[in-house]
Amino acid sequence: MENLNIEATKYTPEIIFDKSGKLSIKGKSYPENTFEFYAPVMGWIKLYFLIDTLPKLHFSTDSLSKELTLDMEIIYFNSSSSKLFFDLFDVFEENKENFDITINWLYDEDNESAREAGEDFIEDFENLNIKLVPKQR
Amino acid sequence: MKIDINPMIIELENLKNEFSKTTNKLIKNIDRQDKIMFRSDKRQQYEYDHLQDRLAEVERLELAQKELMDSFIILIAGAIDAKSKYTGGHCERVPELAMALAQAANDCNEGIFANFELKTEDDIRELKIASWLHDCGKVTTPEYVVDKATKLETIYNRIHEIRTRFEVIYRDFQIIALERKLQGENAADVESWLNIELQKLQDDFQVVAKANLGAEFMQKEDQEKIKIIAQREWIRHFDCSIGLAFEERERVKKDNTQTPNIEQLLSDKQSHIQPREHFDYEDYEARGFKMPVPEHLYNFGEVYNLTQNRGTLTPEERFKINEHITMTIKMLETLPFPSNLKNVPIYAGMHHETMIGTGYPRKLTIDDMPIPARIMAIADVFEALTASDRPYKDPKTLSDSIKILSSMVEKQHIDGDIFSLFLSSGVYKKYSDKFLKPEQIDRVDVTKYI
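Protein chains in written order, with my numbering: chain A, 2 to 138; chain B, 501 to 950.
Rather than coming from a laboratory, the hints here were simulated on the basis of the structure.
Positions of the beta carbon are idealized from the N, C-alpha and C atoms, including for glycine.
Hints may contain errors.
Stated by the list, open to error - One side only, chain A facing chain B, incomplete, derived with CB under 10 Å: (1) 45; (2) 78; (3) 80; (4) 84; (5) 87; (6) 110; (7) 112; (8) 115; (9) 118; (10) 121; (11) 124; (12) 125; (13) 127; (14) 128.
With these hints in hand, go ahead and build the complete structure from the sequences.
Next comes the structure, spelled out in structure tokens:
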């Protein structure tokens, strides 16, 4: 399985999903078509969770880390990105039994709505380990 | 037949569970959707506020930058005015005059002014900056040239003067010795000869002293007189190449430095000429400057200076003075003015041009000069004429100044339309009331000029 590397653009964040289990989404999220833009991201993470249960025939046998950390540092995002993050966290929640998952929600400490968005995720995903990480400007 | 309802109940139970699970998920999704919209609106507001803050910040910085730039401009203008007491508050007053004229041109809708308009604040700012900086090149003009008040004034190494005093004392001793030797001679004869020669010497000095002032135009015969006086001889007994700084010593070495040596009373020596070095002729031409460049940087020759027929300046010094405008242009053309100020070098750099291509540095004509540039030219002259803070000249009265401007209009050195506007708009009056001394403001009939 390959690492996922998507460079930042004016409207989309930098995404680095490393098979060592270090994942990050950083920047702004205003894609023209959010679900299309994040399709490879959703595909990658679903495959990651699934890959150990598949026959090893078609995939390299290097074992993947059971420990995942996702750093999310989204300065600005539109509502469909927000919807997509819920979908992404749904996938994490479905796999929380078999993986040790930590999500760091990094936000600018002056940005109240960014903190509240993080709180919403915590409320909706009681069983996920979501940490709010305020950053000083 | 007995029907086993248990599997059906289990099936129903399962269906019920499935249904409530789906319902829950649906409700959760609806809740989520609401949350997403609510948060999204809030974030948008935050982003909007943030953008507004940034915009306000940018505007503040823009203003601060403008203020800083204006302060720099005033600082430069102040430095020029402070550099020479002879230019006084010139750089400060020219903007006042130029802006008042521009305003009058703006208000006037006739003739050449019909289409002239200073539309925006930037247009006004552009002209203001240009008028503040119109002489900025003067920071590069040596004071001794700007301030040169007599022909013989220069940066002077007084070793020469002291050496001369030595020479004088030297002669005094000789004279006393001779007098003693001559004691046997007829005293009255010697006395009358001496008186005649001393009187001649006095007269000659009067001629030289008067020529030195440069106050009157020198006729050819005046120049010849200087050349004859110059031929008086004296014998130098001291080495004129010692006690000098390196540069001057190198120049003086070209002269005859032997002792004793018969010298002329006044002379043009090789050492009086300072060569022109490092002059970028290519750049000068590329920028369209057309003033003829004198071969030498300076010529300090005594006869050469004393026989200049007009004013105190040699052609070399005149060029050095006029270079202030090429320096102004070079400096301003080098600055990265934003597009809303791109005309600053144009407005600032044309105030010594005339309407018919006889001005400097580019020999432009009226067609090359936008109205603000022509305004600058009149403002520059009128301020210079009426200024009462130049030690080398008396301030002109209002009527004399206007008369001179009108003769300049006749010769097409300045723009007649702007001159008329200057008078008809009353700008001349307002400026005079503010900056001229009461005794300068005399009656002037402007109607005969309009």
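Verification of the supplied hints:
For the restraint placing residue 45 (chain A) at the interface with chain B, the shortest Cβ-Cβ distance is roughly 23 Å, beyond the 10 Å limit, so the hint is violated. With a cut of 10 Å, the hint placing residue 78 (chain A) at the interface with chain B holds, because the nearest CB-to-CB distance is about 7 Å. Evaluation of the residue 80 (chain A) hint against chain B yields a held restraint, the C-beta minimum of about 4 Å falling below 10 Å. For residue 84 (chain A), the interface hint holds, since its Cβ comes within 10 Å of a Cβ in chain B; the closest pair sits about 6 Å apart.
Because the beta carbon of residue 87 (chain A) sits about 6 Å from the nearest beta carbon in chain B, less than 10 Å, this interface hint is met. Hint on residue 110 (chain A) is violated. Least Cβ distance to chain B is approximately 13 Å, over the 10 Å limit. Evaluation of the residue 112 (chain A) hint against chain B yields a held restraint, the C-beta minimum of about 6 Å falling below 10 Å. Using the Cβ-Cβ criterion of 10 Å, the hint placing residue 115 (chain A) at the interface with chain B is satisfied: the shortest such distance is roughly 7 Å.
Contact between residue 118 (chain A) and chain B, as hinted, is supported at the beta carbon level, the nearest pair being about 5 Å apart and thus within 10 Å. A cut of 10 Å between beta carbons decides the hint on residue 121 (chain A): the least distance to chain B is about 5 Å, and the hint holds. For residue 124 (chain A), the suggested interface contact is upheld, since its CB lies about 9 Å from the closest CB of chain B, less than 10 Å. A distance limit of 10 Å between C-beta atoms decides the matter here; for residue 125 (chain A) the minimum to chain B is near 7 Å, and the interface restraint holds.
Checking residue 127 (chain A) against chain B: minimum C-beta separation of about 12 Å lies over 10 Å; hint violated. Hint status for residue 128 (chain A): violated, given a least beta-carbon distance of 14 Å to chain B, over 10 Å.
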